[in-house]
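S.K.: In case you want the letters, here they are:
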Amino acid sequence: EAGVAQSPRYKIIEKRQSVAFWCNPISGHATLYWYQQILGQGPKLLIQFQNNGVVDDSQLPKDRFSAERLKGVDSTLKIQPAKLEDSAVYLCASSLWGAETQYFGPGTRLLVL
Amino acid sequence: AQSVTQPDIHITVSEGASLELRCNYSYGATPYLFWYVQSPGQGLQLLLKYFSGDTLVQGIKGFEAEFKRSQSSFNLRKPSVHWSDAAEYFCAVGPNQGGKLIFGQGTELSVKP
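Chain order of the listed sequences is A and B.
According to my numbering, the first sequence is numbered sequentially starting from 171.
According to my numbering, the second sequence is numbered sequentially starting from 2.
Just to be clear, a hint being listed does not mean it is correct.
What the hints assert, rightly or not - SDA-like cross-link-like pairs, simulated, lysine to any residue; straight-line CA separation at most 25 Å:
id	chain 1	residue 1	chain 2	residue 2
1	A	Lys253	B	Gly42
2	A	Lys181	B	Thr6
3	A	Lys214	A	Ser197
4	A	Lys181	A	Trp267
The hints are simulated quantities; they were obtained by calculation from the structure and are not laboratory data.
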């Protein structure tokens with residue numbers, strides 16, 4: 171069974187530029203999560219989707235971050251404009267509907283200069 | 002407030018020695034408890050999880066964890082550490098029907114030959 175796929179794996183941009191990350195969850199997983207992991211910290215949830223609807227985006231900085239999951243399968247997370255403090259690893263995870271176990275992708279490592 | 006505390010930021014053990022990583026949590030409802038491992042440049046891999054039943058749970062790679070409700074702890078153990086166990090370990094707590102995971106800040110494990 172294929173795992174959670176993410177791309178790109180690495181991205182370097184300058185502040186005020188925009189960037190987008192892509193995630194394809196495990197087939198059949200209705201729930202998709204985006205986490206931000208700053209160096210030296212544990213991951214923190216940015217947004218949770220159930221199919222193509224948002225369940226929790228309370229920690230998403232909506233002035234600069236946006237995410238969508240239009241067809242209820244893959245998802246895109248965008249940052250515009252990026253700030254230095256957005257340098258982090260962005261992890262995508264998925265799970266079956268109502269299931270407690272989340273499966274994580276390899277992450278996208280973002281460096282903002 | 003919901004939180005997870007991993008008191009040890011970095012632990013070094015000799016190969017073949019036993020290991021215990023500490024985790025304390027604060028959570029209002031009955032939580033699911035997890036341990037994940039993250040190797041450099043990789044995503045998070047689930048080691049084990051606990052919700053109910055036997056308070057000693059077995060996981061992959063020879064790891065086990067013990068839930069102690071009275072101490073709000075979920076410590077991870079391994080009887081004999083291998084060099085390949087060097088990684089960062091995260092304890093997490095979450096709801097029983099899926100949803101946001103709250104992670105500790107992680108414990109980095111180094112293994113001496």
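S.K.: Determine for every hint whether it applies to the structure shown.
M.R.: Hint check:
no., hint, result
1, Lys253/A - Gly42/B, "22 Å, holds"
2, Lys181/A - Thr6/B, "31 Å, violated"
3, Lys214/A - Ser197/A, "24 Å, holds"
4, Lys181/A - Trp267/A, "31 Å, violated"
Of the numbered hints stated above, those contradicted by the structure are hints 2, 4, listed in ascending order.
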